[in-house]
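*Asks:* If you want the building blocks of each chain, they are given just below.
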Amino acid sequence: MSAPANSDPDVVPTSGPADTASVVVGNVTKIFNQGRSDEVPALSDVDLTVGSGEFVSLIGPSGCGKSTLLRLIADLIEPTSGTVTVAGRPAAQARREQEYGIAFQQAGLLEWRTVRRNVELPLELRGVGRAERRARAEEMLELVGLADFAGHYPGQLSGGMQQRVAIARALAVQPPLLLMDEPFGALDEMTRERLQSELLGICAKTGTSTVFVTHSISEAVFLSDRVVVMSARPGRIRASIAVELPSRDEAGRQAPVYFEKITEVRQALRS
Amino acid sequence: MRRLLAGVAGLATAVLVWEGYKAVGAPEGTVVFGVRVLPRADDLSMPHLWTVLRRLAGPEMTGGRPVWLVVLDACLFTLGITAAGFLAGTVIGLVLATAMQRFRIVERGLLPYVVLSQTVPLVALAPLIAGWGGTLMPPWATVAVIAAYLAFFPVAVGMLRGLQSPSASGVELMRSYAAGWWRTLVKLRFPAALPYLFPALRLAGAAAVVGAVVGEISTGTRGGIGRLIIEYSREATSDPAKVYTAMLGAALLGLLVAGLVSLLELPLMRHRRHVEVVTL
Numbered sequence: 001m002s003a004p005a006n007s008d009p010d011v012v013p014t015s016g017p018a019d020t021a022s023v024v025v026g027n028v029t030k031i032f033n034q035g036r037s038d039e040v041p042a043l044s045d046v047d048l049t050v051g052s053g054e055f056v057s058l059i060g061p062s063g064c065g066k067s068t069l070l071r072l073i074a075d076l077i078e079p080t081s082g083t084v085t086v087a088g089r090p091a092a093q094a095r096r097e098q099e100y101g102i103a104f105q106q107a108g109l110l111e112w113r114t115v116r117r118n119v120e121l122p123l124e125l126r127g128v129g130r131a132e133r134r135a136r137a138e139e140m141l142e143l144v145g146l147a148d149f150a151g152h153y154p155g156q157l158s159g160g161m162q163q164r165v166a167i168a169r170a171l172a173v174q175p176p177l178l179l180m181d182e183p184f185g186a187l188d189e190m191t192r193e194r195l196q197s198e199l200l201g202i203c204a205k206t207g208t209s210t211v212f213v214t215h216s217i218s219e220a221v222f223l224s225d226r227v228v229v230m231s232a233r234p235g236r237i238r239a240s241i242a243v244e245l246p247s248r249d250e251a252g253r254q255a256p257v258y259f260e261k262i263t264e265v266r267q268a269l270r271s
Numbered sequence: 272m273r274r275l276l277a278g279v280a281g282l283a284t285a286v287l288v289w290e291g292y293k294a295v296g297a298p299e300g301t302v303v304f305g306v307r308v309l310p311r312a313d314d315l316s317m318p319h320l321w322t323v324l325r326r327l328a329g330p331e332m333t334g335g336r337p338v339w340l341v342v343l344d345a346c347l348f349t350l351g352i353t354a355a356g357f358l359a360g361t362v363i364g365l366v367l368a369t370a371m372q373r374f375r376i377v378e379r380g381l382l383p384y385v386v387l388s389q390t391v392p393l394v395a396l397a398p399l400i401a402g403w404g405g406t407l408m409p410p411w412a413t414v415a416v417i418a419a420y421l422a423f424f425p426v427a428v429g430m431l432r433g434l435q436s437p438s439a440s441g442v443e444l445m446r447s448y449a450a451g452w453w454r455t456l457v458k459l460r461f462p463a464a465l466p467y468l469f470p471a472l473r474l475a476g477a478a479a480v481v482g483a484v485v486g487e488i489s490t491g492t493r494g495g496i497g498r499l500i501i502e503y504s505r506e507a508t509s510d511p512a513k514v515y516t517a518m519l520g521a522a523l524l525g526l527l528v529a530g531l532v533s534l535l536e537l538p539l540m541r542h543r544r545h546v547e548v549v550t551l
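Listed in order, the protein sequences are those of chains L and R.
With the first letter of the first sequence counted as 1, position 140 gets the number 140 in the working numbering; the numbers rise by one all the way through.
With the first letter of the second sequence counted as 1, position 266 gets the number 537 in the working numbering; the numbers rise by one all the way through.
Just chain L, with the same shape it has in the complex (with noise of 0.2 angstroms):
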């Protein structure tokens, strides 16, 4: 699958010295069942441009397209029409060659095996030796404070303990590209900031791109370099809000420009 041919200027070409996007989005329409009764639009020409090392909050109402859009990033699944470039790559490519690391609402782990063989299994898929895949899912649980654990089962730990796990899991290959489909959205609202800060010292520490989807609003402008704000049915990007916090901690959480942000974002999702 190559990209085909696209006149918007906008979007970067596959290859080149000045490719610095993590994503590029090319006018994606996404229609399921197609040809049938039951025929469903989710996303209507789509545009997106996730640059290295930035953090973008997909946010709408639910059946928005937003979980739709992280998917064909992951090429979890095909558009019907348009081009998802990842790396620079077709996305289906960049899937193969694992050019990111994904977590879902649902941690997902493999109950058989402990924390540290789930952290190890994409490392495993991968081909790392066993050793290196020992060092490498110790480090990624010390990232995520889950270093006691490694030897744990998933059932033993609490539902932020393996959110936790899942994170780790989804980073251990270090990729370039983080896609999150709403991965605290089962949990309570102290883990969640808590975790959030966690993610966002990962990503600092890593340079990891991220696509992070969640119905919070402030938790998309307390993480996101931008927030893409969307429109359910057929599922559109209606804005596309910067977002620049002094800091990102406790005091960025008080700071008047991050309520501005919010009532932004609102406004953006009422309108």
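Possibly wrong hints are sitting among the right ones.
[What the hints assert, rightly or not] Straight-line alpha carbon distances no greater than 20 angstroms define the calculated DMTMM-like cross-link-like pairs of lysine to aspartate or glutamate that follow:
| # | chain 1 | residue 1 | chain 2 | residue 2 |
| --- | --- | --- | --- | --- |
| 1 | L | Lys205 | L | Asp249 |
| 2 | R | Lys458 | L | Glu54 |
| 3 | R | Lys458 | L | Glu111 |
| 4 | R | Lys293 | R | Asp314 |
| 5 | L | Lys205 | L | Glu142 |
| 6 | R | Lys458 | L | Glu124 |
[What the hints assert, rightly or not] Covered stretches of chain L (in silico footprint by chain R; criterion: 3 or more residues with CB under 8 angstroms from a CB of chain R, positions within the stretch not fixed):
| # | region |
| --- | --- |
| 7 | 86 to 98 |
| 8 | 119 to 129 |
If you're looking for bench data, these hints aren't it; they were derived computationally from the structure.
These numbers were taken from a predicted model, which means no experiment stands behind them.
Where is the CB? At the ideal position from N, CA and C, for every residue including glycine.
Fit chain R to the given chain L structure using the hints.
*Replies:* Just chain R, lined up with the frame of chain L:
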């Protein structure tokens, strides 16, 4: 320890029920309007348990080997057939389940026949398979084929269910790792199927014992416990305790097979033993 106690309690209950009924039941059974609603309780139909045990120690025929040794030999013979049938049935069941998981069309085409296969009466099938004995395979192997025929079914159905059990997000995760069908099978579907496989294997073990015992009887294969039950039942009028020794043997064989199958579980289900939850 608790399980041992439970086992002993179960055994004691069975003994009490048997001897209790024998003590209070009418020797000729209870007949209501010409229908026997309760079985006979005389010594010919229900010998005392100690008579059965004493018979076990006595010789099979005057001056012959003791009955317990003959029953043990027969049980071991049938155990061999059961094991062969169980193994063959399990392999066939696993292959069918995997093929059905892989190809939707195979599932749609094959699954009805898998179910249908179990509705064919075994007695109708057995003479056909018995005909293979001596030409295609040794006679004991035809009995193993019948045991396998019964054993493959729960494995195929249970395993298919297990292979289909991973959530969509698990499958998507494997796709995101660029894992193909085979690696998804090995890393995700097969381990996820184990909790479904083990109960299926227990059913298959029981089915294999039934298949072996019934198969011996309907193919007329000598040497096994099924055949022994038939032989001893011919002497039921003169020596009623004798047939119960063979039945006791068959029951113990079933228990042994069930026990062996559940041993398979231990090393593979480690994570199930950890239940206490840590919160942080």
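*Asks:* Now, for every hint given, state plainly whether the structure supports it.
*Replies:* Status of each hint after checking the structure:
1. Lys205(L) x Asp249(L): 16 angstroms, holds
2. Lys458(R) x Glu54(L): 33 angstroms, violated
3. Lys458(R) x Glu111(L): 12 angstroms, holds
4. Lys293(R) x Asp314(R): 9 angstroms, holds
5. Lys205(L) x Glu142(L): 13 angstroms, holds
6. Lys458(R) x Glu124(L): Given pair Lys458(R), Glu124(L) holds - Cα atoms ~10 angstroms apart, limit 20 angstroms.
7. 86 to 98: This one holds; 4 residues, not fewer than the three required, reach chain R with a Cβ under 8 angstroms.
8. 119 to 129: With 5 residues close enough to chain R, the hint holds.
Figure legend: structure checked against the earlier numbered hints; the only hint not met is number 2.
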